[in-house]
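Engineer: For reference, the chains in residue letters:
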Amino acid sequence: MTCAERERELALYAGGELSNGDLEGHLDRCARCREYVDGMRSLLGDLSLGDPPALPPIATAVMRRIRRRRYGWAALAASAAAASVLIAAIVGMVSRPVATMSYALPMPAPPAVTVVQRAVPEAKRRLVRQVARPKPVPPAESVVVKLVTDDPNVIIYWITD
Amino acid sequence: VNAKAAALNVGIAERSGSDTLVRARRGDLAAFEQIVRQHERTVFRLAWRLLGNADDAADAAQEVFLKLYRGIDSIDEARELGPWLYRVTVNAATDLHRRRRPGRPLDDVVIATPGPTPEQALLEGQRHELARRALDLLPPKERAAIVLRDIEGLTTSEVAETLGSSETTVRSQISSARVKLKRILDGLLTRRRT
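Residue numbers (the numbering used here), protein chains in the order written: chain Y, 21 to 181; chain D, 1059 to 1252.
Please keep in mind that the hints were generated in silico from the structure rather than gathered at the bench. Ideal placement from N, C-alpha and C gives every residue a C-beta, glycine not left out. There may be inaccurate statements among the hints.
[To be verified] Here are some chain Y residues the structure puts well away from chain D; computed CB gaps all over 12 Å: (1) D42; (2) E44; (3) V174.
[To be verified] Chain D stretches covered by chain Y per the calculated footprint, using a threshold of three residues with CB under 8 Å from any CB of chain Y: (4) 1084-1098; (5) 1123-1133; (6) 1151-1157; (7) 1213-1221.
Given only the sequences and the hints, what does the whole structure look like? Please build it.
Structural biologist: Shown next, in the form of structure tokens:
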């Protein structure tokens, strides 16, 4: 085996992964291979030189990305839910015929009141006072209209004389 | 007594780490952040060794921890998190290495002061810079093997576990990587000498 063919063995030997009598015997006799092993050890030392640069804010960046992902979706879901409730409420109001009817009912105009004054003698006035003492007026017959809507909590009463 | 105390401390630390992992799995973000802060330096250092620059290493490290967040349910509590992080970091760095810009040429590392031989003339920082850039020229598996073994100091069996290979394969990758690195650097120094 030539020295060049031993290079991979020598590389392992330099790193401490290989040790055998045959190779060590060769190294005792071959200055070129000893130099190769020394050079390899120097190279392995050079690889370990140098400190890593300052640690960047990895944890902060990672947690920001995770929170954005987690709470970003939650916020989107909440907005979508709120929007759907609002849309449902609007659609429900528009399609509720009973409620619409209650707003459309015409309200009766209040009755006109006329006050008439005449000149009346004092004696007669007294009599009139006695006679015209307010009598209990029988209540007018009322009409109560009850409008039931889709919403059990909303009932509309329309009361008219 | 010291050995027993050390063993006890390790046991407590492992249980504590396991508890943190359990809490993180339940969605406790503070626990997850604790895990990230505990391992970020190791992950970043390995990524930097594999990629050669801090920006790419930071990107790779972020990807590693986001992958941990997404796959935390699949992490085996009984095993240490370290080997998993090593493996995922190597994969993330390999992916990034494929996509990133080509490395700078070796020739632009200048020899500062002339000396008896070019090797002696190179300052320590320059020798490291050359070796690190020469790493970039290796195939990904060989680069990962030599970084884990010769820089991170893992044993051959640990490297094999991390890379998902056999020890025989790893020894072959390590020997091949070392020989190639030496040829690259020797070739460069010979060119400077002439």
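Engineer: Next, verify each hint and record whether it holds.
Structural biologist: Hint-by-hint comparison with the structure:
no.: 1; hint: D42; result: holds, 16 Å
no.: 2; hint: E44; result: holds, 17 Å
no.: 3; hint: V174; result: holds, 43 Å
no.: 4; hint: 1084-1098; result: holds (count 6)
no.: 5; hint: 1123-1133; result: holds (count 3)
no.: 6; hint: 1151-1157; result: violated (count 0)
no.: 7; hint: 1213-1221; result: violated (count 1)
In summary, the structure is inconsistent with hints 6 and 7 from the numbered list given earlier, while agreeing with the others.
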